[in-house]
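Visitor: For reference, the chains in residue letters:
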Amino acid sequence: MTAMSRKRPAILDKQWWSRYGASLRFAFYCLLHPFDGYWDLTHEKRGSMAAANTIMFFVLLTRILTLEFTNFQFMSVNWEYVNVFQECLSLLLPLIVFVTANWCWTTLFDGKGTFKDIYVGMCYSILPYPLIQLPLILLSNVITTEEGAFYYVFAALSLIWAVYLIVIAMMEIHDYSVGKTFLFTIMSLFGMLIIIFLLLLFLSLISDAISYFVSLYREIVFRLF
Amino acid sequence: MRTKGMRRIAALLLTAALLLLSTTAFAADGLQTRYTYTYDYWFDIRESPDAYRVKTVLNSTMLGLDKPMRSPQGMFVSGDYIYICDTGNNRLLEVKHENSEYKLVRVIDTVIGGTPENFSTPQDVFVDKAGNIYVCDTNNNRVVMMDKDCNFIKSYEKPTDETFDQNLSFLPSKLVVDVSGRVFALCKNVNKGLIKYEADGEFTGYIGANKVKFDMIDYIWKLFSTKEQRSKQESFVPTEYDNIYMDKKGFIYAVTATFAVEELLSDTANPIRKLNAIGNDILVKSNVRQPPIGELDWAEDADINGPSRLIDITVLDNETYVALDRVRGRLFGYDTRGIMFWAFGGSGNSDGYFLNAVAIDHMGNDLMVLDSIECSVTIFTPTEYCNLIYTANDQYLRGEYDASADTWREVLKLNGNYDQAFIGVGRSLLRQEKYGEAMEYFRYPRDWKNYGEAFRLYRKEWVEQNIGWIFALVAAAMVVPLVVGKVKKIKAEVNKS
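Protein chains in written order, with the numbering used here: chain A, 1 to 225; chain B, 226 to 722.
Misleading hints may appear alongside valid ones.
Covered, in the sense of this in silico footprint (three residues per stretch, anywhere, with C-beta under 8 Å from a C-beta of chain A), are these stretches of chain B [to be verified]: (1) 565-576; (2) 620-634.
Beyond 10 Å from chain B on every Cβ pair, some chain A residues (computed) [unchecked claim]: (3) Q15; (4) L60; (5) P94; (6) F197; (7) L201.
Hints were generated in silico from the structure; no laboratory data involved. As the structure is a computational prediction, the values presented were derived from the model and not from experiment. Beta carbons are placed, not taken as given, at the ideal position from N, Cα and C, and that holds for glycine.
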C-alpha cells in the first residue's frame, strides 16, 4: 500500500484526502480536549503535516484580512508602510525559531517529540487565532468603539487560548511534567534569543567578509589599471 | 526594433517623472513650496493652498521713521491702530490703518507727568477701549498707565506683599488688561503665574500658576545625591509663561516655551493654555493624538529641529487662535476645539518668512507678526481658501448646518487633502441626521469618534427600519428546530407503532 501511494500523487489519492480531512477535523477536537488531543496527535499519529500547513496558511490569511478589513475604529493600518510578506514573516519566523529552539532543548532533555511533531503541535495550537479573529473582523464592522470591550475581550481570548494550547501541546508531545514544560518553554524563549543573536552575528560577519573581498578587488583594479 | 522604441519611451517617462519629482520638492527660487500645510491622521504633512498671503511688510523706511526701529519686542492692535514697542529705542510707535494703507501717526516716547518721564526698554503695550495706554516699562520697573494724550495716570509698581520676593527686581514684560481695568502682568523671574492688580493699582495676588508636579523618581534620586549634586540639579520650578493674550470674552490665553520634551510627548506640557478667572486651564483639546502644541513633525535631521517654542498667541474674533513659533517662524491656527486649521510660515529673509518672530496680533482676520531682527511687521491677509474655512466654521457654530456642509465642500474642492473639511461636512451631515453619508466623510480622515457616533445612529435607524425582518428571522430560528424536532418525534413514534 505504501508503495502504491508513493507512486501515485497525493492529490489523486482518495485515502490521503480522507486522512487529511480527519487530521484537520482533529484540530477542532484538540481545541477543547487539549490533554487527550495532543497526546493522540503525535503518539497515535492523528495529526498530519498537511493539516498543520493548512492551519498555518489560514493564520497568515487571517492576519492579512484583519489588517485590511477590520474597521478603522479598532485598527488603524497605514497601508503605505505595510508589506504583506513582512507581515507574514513576522508571524512565521518567530514560530519557526521557537520550534527550532524548543527542539534543540527537548532532544537533549529526553523530549519525545521530533521536529515535525513540535511544528504540527504548534500549528494545531494556534487554530484559535483564525477561528476567533475571522468572525471578529465582521464584528468590528457592526459595533462602535463604545462597545469595543467585546472586540478586545475576544481578541485577547484568541491569544490566551493559543498560548494555553501551545503549553499543553508541548507538555503532551514531549511527555513532560507541568514544571518541566514551563521550564523548557522559558528555555525555548531564551534559545530563540540565542538563535537570533547567532544569525545576526553570522550575517554581519558574512557581510564584512564580502565587503572585504569587494574592497580587495577594487584596490587591485584601481592599482593595476 | 520594437523593444528598442519601448525602452526609449520608458526612459523618457522615467526622466519626466524624475524631473517632476525634483520640481515639486523645490520651487524655481530654491525655496520649499511647502509654505502652508496641514497634518493628516498619520502625522504626514499635506501641502495645502495658502491660507494667508503677505499683504504688506511695514519696516522703518515704509513708516518714514527718522530713527530706525531697534529690536522691537511687543505689539498690540486696537481697532485700526497698531502699537509697536520699539524696545531698543525706548519708544512706542502708533500706526493707523486707513484706506488700506498703514501710516505712522505718532511716536510716543514720554509720559507727561510720570516719574521718570521716559521709557526704559518697554517690552509690551496694551490699549483699552477708552484709549488709555498701558506700557510694560521693564527697566523702569513699572507698568505705566497713561491716557490717549500720554498724560500720566498711574503706575503699577513692585508689590510690597510678602508673597513677592523683595530681592527680585520687578521686571514686567507682558501685560493684558480686562474690561474692568484689572491688570495682569508677566514678570521675568516670577514663576507664580500672572501678577494681578485691581483697577486702583493694588496688587491682589497671582493667577494661573503651574501646579508643582511631584515626581517620585526625582525624589528618590535626590535622596541619594550629595548636597553639591542637589544644588546643581534644577529644582522643581514651575514654568513661566512667555506671552499672554486676552480674548473678547476675557479669557487669558497664555503660551509657554519652557517645558521638558517628554512632557510635550505625553501631552502634559500644555504649551498653550486658556486661563479662566481663577487661573485654571480650560483649553479644549478634542484631538488627543494631535494636541495643539505647534509643529508635530520635528524633523530630527533638519537644521531646525525639536518641538515648537511658542512665543506669542492671538485669538481672532471667531475664536480661532493663532500661535507663533519662535524656532521656525511659523504660525499655527487652531479652532475652538484645538484642532489645527493650517500652519504656515518659515525661517528666512523673504516676505512671509521670519528671522526672529516675537509677537503676533490681528486686525479683523488679518494677522500681523513682529520680527525683532528684521524690525518689521508682516501683515497677512486671509485667502479665499482660509475665508471659506472661517465661514464654514462660523456657520456650524451658528447652527447653519446645511450652509456649513456646502461651504466645507467648497473647501474640499480647493484642498482634497484637508481632513478638517471632511470632518466638517460629516459633522453637518450628522446634525442633519444623514448618518450613512456622514460615516463616509468620517471614514476618510479616520475620525473614529464621530464615525462611531454616526454609525451608532445609523445602526439604530437600520434596526428600526428592519425590525420586522429581524423578528421574523429570530422567531424562525427558534420555531423551526422545535417543529423539526416534533415532526421527527412523531415520525419515530409512528415508525415504532
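Visitor: Run through the hints listed earlier and report the numbers of any the structure violates, in increasing order.
Guide: Violated: hints 1, 2.
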